[in-house]
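Q: Sequence:
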Amino acid sequence: MKKIFGIIAVSLLPLIPLTAAAHGAAALRFEKTVTIKAAPAKVWALLKDFGNVQAWHAGVESTTVEQKKDENGDDATYRTVKLKNGGVMFEKLRSIDDAGMRLKYEYILEKSTLQLANFYPTITVTASGSDTIVSIKGSYTRADSSNIPKPEQNDDAATKAVNDFFDPGLESLKKVAESGK
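Heads up: the sequence shown runs through residues -22 to -1, 1 to 159, numbered per mature numbering (1 follows the signal peptide of the UniProt record, and there is no 0).
Hints are not guaranteed to be accurate.
Pairwise CB distance ranges (calculated) [stated by the list, open to error]: (1) D27 with E88: 17 to 27 Å; (2) V66 with Q45: 13 to 23 Å; (3) K115 with K153: 20 to 30 Å.
These are computed hints drawn from the structure, not numbers from a lab.
Glycine residues also receive a C-beta, built at the ideal position from the N, C-alpha and C atoms.
Using the sequences and the accompanying hints, generate a full structural model.
A: Following this line, the structure appears as structure tokens:
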């Protein structure tokens, strides 16, 4: 009897990876921070202006904001961010907390060119002595949630899209905030 169970167990082992892979795209997480030698209020003023990303992000050509009803019929704020490389991001403002210096938004894949889905960044500004720390964190999945995604829509491509937007964005935010402008 033990031999029969052993044979059955061994014959089922090759199937285990298939069941583990059958769940599609897993949530990926990111966190990026930058320390800026400027007052938190100055940095927050740049970041909270939801319709003016080009004021601090060197890779953004323009931003337009519109008020309209969301999928639940509630009033909502949306922005379209046109990138200098030709990409477009369409995003919905989820909340702005002036007291906590925190902004949350969501990325809407259907109207955007970056291959990200379920993307919900949170930007936080905090004081650290005479400096300011900006933290951007969130989660996302690749756009293609199938078990065998297209190369341009896999986890590596999604992570590259996040890094390619936020890394230079934080560098240019630092440069703008630390300048006398």
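Q: Is the hinted range of 20 to 30 Å satisfied by the C-beta distance from K115 to K153?
A: Given range 20 to 30 Å: holds, Cβ gap about 22 Å.
Q: Between V66 and Q45, is the Cβ distance one that fits in 13 to 23 Å?
A: Taking Cβ atoms as reference, V66 and Q45 lie about 19 Å apart, which means the hint holds.
Q: Quick one: are D27 and E88 within 17 to 27 Å, going by C-beta?
A: holds, 25 Å
This entry satisfies every hint, going by the numbered hints stated previously.
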